[in-house]
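The hints should help you fit chain R onto chain Z, whose structure is shown.
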Amino acid sequence: MKVATTNSSSPPSILSNQRNRIIVVTGKGGVGKTTLSMAIAKALESNGREVFYNSFDQPLNTELANLIELPSFSLSIEQSAKEYIAKKLGSETIAGWILKTPFFSSLFNMLPGLGHMILLGHLIDKLESNPNLTIVLDSPSSGHALTMFESPGNFKEMFRTGLIVDDIQRMEKFLYEPGAMEVIVCSLPTKMAIQEAIDLETKLKERQVPQTKLVVNDLLSFSKPILEANEKDLPEFIIKKIAGEKEAQESSKQTPYLNIPHFPESKPSQIISACAQFLKGAAK
Amino acid sequence: MISPKSVEIFCGTGGVGKTTLATSRALYLSDQGKKVLLITIDPAKRLKQILKLDEADAGDITPIDHKLFDRESCQIDALLMNPKKTLMRMASLNEEGWALNNPIIDILTRPYGGMNEIMAIIEVQHHLQSHSYDCIVLDTPPGKHFIDFLQSSQKIKQFFDKSFVDIFKFVGKKFTVKGEKEKSGFLSLIVEAGIKKLLKYLQKVTGEDFVEEFIDAISGLYRNRESFISALDFQEDLKKEALSNWFLVTSVEQRKVHEAMQLQKEAKGFMHNDSFLVINRSLTPFLEAWEPDPSPGGLSQLRNSMKERESAIKEISGLGYKSKLFFPEILGSEPLDHVKELAECWSKF
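Chains as they are written, first to last, in this note's numbering: chain Z, 1 to 284; chain R, 1001 to 1349.
These are calculated hints, taken from the structure and not from any lab test. Virtual Cβ for every residue (Gly too), placed ideally from N, Cα, C. Some hints here could point you the wrong way.
Stated by the list, open to error - When the alpha-carbon atoms are kept at most 35 Å apart in a straight line, the in silico DSBU-like pairs for lysine-lysine are as follows: (1) R:K1084 - Z:K173; (2) Z:K246 - Z:K213; (3) R:K1155 - Z:K100; (4) R:K1155 - Z:K205; (5) R:K1200 - Z:K82; (6) R:K1144 - Z:K240; (7) Z:K224 - R:K1200; (8) R:K1348 - R:K1048; (9) R:K1200 - Z:K173; (10) Z:K126 - R:K1144; (11) R:K1048 - Z:K205; (12) Z:K88 - R:K1144; (13) R:K1144 - Z:K173; (14) R:K1340 - Z:K232; (15) R:K1204 - Z:K87; (16) R:K1052 - Z:K203; (17) Z:K82 - R:K1268; (18) Z:K100 - R:K1239; (19) Z:K280 - R:K1144; (20) Z:K253 - R:K1085; (21) R:K1052 - Z:K240; (22) Z:K240 - R:K1322; (23) Z:K126 - Z:K156; (24) Z:K126 - R:K1204; (25) Z:K87 - R:K1200; (26) R:K1155 - Z:K87; (27) R:K1204 - Z:K213; (28) Z:K203 - R:K1048; (29) Z:K240 - R:K1340; (30) R:K1085 - R:K1048; (31) R:K1157 - Z:K87; (32) Z:K87 - R:K1144; (33) R:K1048 - Z:K213; (34) Z:K100 - R:K1204; (35) Z:K156 - R:K1204; (36) Z:K100 - R:K1200; (37) R:K1048 - Z:K253.
To be verified - So the derived label-pair ranges between C-beta atoms look like this: (38) R:S1092 - Z:T161: 44 to 54 Å; (39) Z:K100 - R:K1265: 20 to 30 Å; (40) R:K1348 - Z:K126: 51 to 61 Å.
With the rest of the complex left out, here is chain Z (with noise of 0.2 Å):
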């Protein structure tokens, strides 16, 4: 007897749709965020596209994106900040003195957004500077996420007018234009992740973040040596974890756009080239 049927309906479009030039990767921490943009990233890119990798002020994962020879750019907070005042006054000498001062530094600590706003702008000045690329971003976990697309309008309502506010208004036409942004929200197959994962997309959609995709990862019920494996030789507490899994998508009344499986391998980039070619095969 087989454990599990694969869902052969639903191709998804996370890599067909030639629209997207930024693919935002969030959901509760530990579901695999990291693997998941650097899968998407690398099985884009095996299509021919132009893609960098950003991990959002996250250094560690660009190590791994140099390892697997995977194009990526890491920003500092300070870094863009800098640019993005030199830019508007027209002197980078202005702009690190600005940023030097007590006042200055000491703002950007106690406001977190701000920083995340600046970052978010920054990717979006090198998406309009060239038209072919696509950045798949490894964004922050679902609270810290909300607070990254939050803040832009946060901070438009603060200024009201002047040239952050241009800015600004600029960044939410390219992002929310249709078909530029897809937000990717990954799960694990547990009640907590599930939960957190539809939360999340309710808050989004409150947001106007106008598309956004529930992918459930890490089935073992969708697993190859599972599937492929008889009732009798599975241990129980596999059997136990595969129920907990269905009873945890039962529990909720959204169907996944996409389940993606437990890759019986060790390392972080074997399992991130197999998570590419499930996902190339399954756009087909």
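Chain R only, in chain Z's frame:
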């Protein structure tokens, strides 16, 4: 036995089970007769789901029904952080609290405005000072946001640095600061010239109203700075062995060994002898007992990869920890059942 302390702090990377473990610790302590306050600082608020709380409860202390845990009684109060409620409570206690009524402060203290970590440290300090609880169990935000939380009081101190006062002197919002001497004429002239330039640039890129409201916001924060600065005491308490237990949570499911080590490194300055390394969701006993068909590929490959993923966690050195605490993988799907089973585990340590 791990002796209960005034503050029990759970930290770790995302998704390792901090909220569930912190809740299980609160339940265990309550079973021991302690009065417990369980606070979650993580804006994702998974505690809400475990304890079946309402989003509208955020910011208010909510007693937890003992029936939830199949107990005859339960002495747990829960609190989901809400930065605005913290600010409002702080304002109501301060003479100059009115000064915090400002549109900019209002926007920034929204649930996702980004002020969560900073306001949380003030909230925790408030409850510690009130001495209404035997133990405060803290569920913290993941990874580097936890470091943000730890460094909050440092940031607050930096923010209220003396040089800051000069901005008000220049803009004419004068108010006396106790115990502070006027700067010498020459020095203040330089500072004043700097701030003049700064505001001129600021006005160039933002609206004019903003600069005015911004200065009011800063002045409001400054007038209430004592409340912010008192949060520094909390940071000192965390460093005291008699007052706190530290639990760094890792999970065998996770491939975040480097991130966990980074967190360990950065939190080291705070941790003391009563720090414990928690290894959660251990499948080892199951994997050891499983002997699939040894032919290559198939189930033996699956078992080996699962075993290898578990062994990655062993790279984290137990050095600097009083002990390693192993918690098994709980196989059911109901979060509340996890809490109840894990609460049993605490009595074994």
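Worksheet item: Broken hints, numbered, in rising order?
Response: Going through the list in order, the structure violates hints 7, 27, 38 and respects the others.
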